[in-house]
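A.B. asks: Read off the chains here:
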Amino acid sequence: MGVGIEVRGLNAWYGKNQALNEIDMKVPANHVTAVIGPSGCGKSTFIRCLNRMHETIPDARAEGDVKVGEMDVYGDGSDPVEVRRRIGMVFQKPNPFPTMSIYGNVAAGLKLNGFSNRKQMDELVERSLKLAALWDEVKDNLHKKSGASLSGGQQQRLCIARALAVEPEVLLMDEPASALDPISTSKIEELIFQLKQHYTVVIVTHNMQQAARVAELTGFFLMGSLIEYDKTEKIFTNPADKRTEDYVTGRFG
Amino acid sequence: MRSRFQQGLDELKEKLLRMGGLAEQAIDRATEAYRTRDSKFCQLVLTGESAINEAEREIDELALDLLAMQQPMAIDLRFILAVLKINADLERVGDQAVNIAQRVLDLISEVEIELPVDIPRMADAVTTMVQRALESFLDGKAEVAEAVLQMDGIVDRMKDEAFVVLVQKMHDNPKTVRQALDVLLIARNLERIADHATNIAEDVIFWVRGADVRHGGAHYRE
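So the protein lines, in turn, are chains A and B.
Residues in the first sequence are numbered from 1 upward in steps of one, following my numbering.
Residues in the second sequence are numbered from 1 upward in steps of one, following my numbering.
Be aware that one or more of the hints could be misleading.
Facing chain A, according to a computed beta carbon distance under 10 Å, are these residues of chain B, among others [to be verified]:
(1) L64
(2) A68
(3) Q168
Pairwise CB distance ranges (calculated) [claimed, not checked]:
(4) A/N95 <-> B/S3: 34 to 44 Å
(5) B/S3 <-> A/H206: 40 to 50 Å
(6) A/H206 <-> B/R57: 50 to 60 Å
(7) B/D139 <-> A/E82: 51 to 61 Å
(8) A/M223 <-> B/R4: 55 to 65 Å
(9) A/E190 <-> B/D60: 26 to 36 Å
(10) A/S178 <-> B/D156: 50 to 60 Å
(11) A/S78 <-> B/E11: 49 to 59 Å
(12) B/R57 <-> A/P28: 42 to 52 Å
Hint data in this document are derived by calculation from the structure and do not stem from the laboratory.
From the three backbone atoms N, C-alpha and C, an ideal C-beta is built for every residue, glycine too.
Kindly generate the complete structure, drawing on both the sequences and the hints.
C.D. replies: So, in structure tokens, the structure goes:
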């Protein structure tokens, strides 16, 4: 099951440039939460702080409290590898391991985590591919075809299956459909909707219609600050802040 | 430079205001027909209806295109939804004007009798409501729309009073039944126009403030 996320006083920097200012946000468990805002507003930085991916960039650092369930992400003794196992991530461009088979791609994370029981691994690969709504399309070629031989939309679902295989509690998605055609996009959106039964999903998107379609809650970021965070219906029909309204109506950004 | 979308919204507003002008004109002509007992004004209302119907179709089409092509959000989305609803109300105002014109044609086919109802005064109040509702739409002024809502009760009372005196008249003198019934129906048509003006005012408040004030009270989305 998914767990809730509680962010308090989160700040992030790239060198001397502050990218996030005092972000407070509560993300409920087993919901889809969208993060929107113009380019450079800090939305990707924000979700990368949730699983400590931000600090993998040279000179980048983050401070503040991030609790994912009972786990204190930035607490003393927190292990970034364990954090990233429990908080999976899917990126804008599908990035399967090109030379590995479909099976190998999904099993890769399990192997990295020291998993070696073949029968259990088979079960987890099947379960993950089913959750990612890809199983029926690839089950006959699991070992024969490489990840790179799949279509863009299938590759992205393969990456989602790979992220799900290590059984995370939270799934972060950074513009997961922006490189896909409308049919593949709608499959990914349908999948996101299904995934919330098992996971907490946070999605960054440039596409406001997509946020409106998939997310129950939406946060609007501007210049590193969280301007407004509310139910998605409210954000897109009657936002409280003029800056949110100007953004969602396309008057800037 | 205005964006294509903004141009589309401006065009929608302009078309709706033009249609509002046609609807107002229809009420004026129907009232003038009653006042003067001149069938020429009735004919103008009847022939003018097709222009209102055509305007309704054009506005719906443009609103549909904007929804499909631009996927508007927030205040723009509320604006287009308000336009669609106001459009339907204005078309119904046109229908009510036609109903009045038909009743007047029936009235003037008979020798005029004295009826103790001031239809022109009621028509003035109704026309003011429609004008102010359209003014609130033109300027996006929710406070003007609120004033329209206050006026609805006055017109309702006028209609109720007309009903009482006309029913009494019919009771006292059965020979007046046909004309009294025509006037009673005209009062009801006017009262319905006032209801449409009220709807328009409510839609303007929804557009400007995002509040649903229908059926009493203000409901804001949680």
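A.B. asks: For each hint, tell me whether it holds in the structure or not.
C.D. replies: Structure-based check of each hint:
1. Restraint check, B/L64 versus chain A: the minimum CB separation of about 17 Å is more than 10 Å; hint violated.
2. With a cut of 10 Å, the hint placing B/A68 at the interface with chain A is violated, because the nearest CB-to-CB distance is about 12 Å.
3. At a threshold of 10 Å, the smallest CB-CB gap from B/Q168 to chain A is about 50 Å, leaving the interface hint violated.
4. Evaluation of the 34 to 44 Å hint for A/N95 and B/S3 yields a pass: the beta carbon distance comes to about 36 Å.
5. At roughly 18 Å, the beta carbons of B/S3 and A/H206 sit outside the given window of 40 to 50 Å.
6. Between A/H206 and B/R57 the beta carbons are some 36 Å apart, a value that contradicts the proposed interval 50 to 60 Å.
7. The hinted range of 51 to 61 Å is satisfied by B/D139 and A/E82, whose Cβ atoms lie roughly 60 Å apart.
8. Under the hint 55 to 65 Å, the C-beta atoms of A/M223 and B/R4, about 28 Å apart, miss the expected range.
9. The hint said 26 to 36 Å for the Cβ distance between A/E190 and B/D60, and at roughly 31 Å that hint holds.
10. Between A/S178 and B/D156 the C-beta distance comes to about 55 Å, which sits within the given range of 50 to 60 Å.
11. At roughly 57 Å, the beta-carbon separation of A/S78 and B/E11 lies within the given 49 to 59 Å, and the hint holds.
12. Between B/R57 and A/P28 the Cβ separation comes to about 46 Å, which falls inside the hinted range of 42 to 52 Å.
Comparing the model with each numbered hint stated earlier shows that hints 1, 2, 3, 5, 6 and 8 do not hold.
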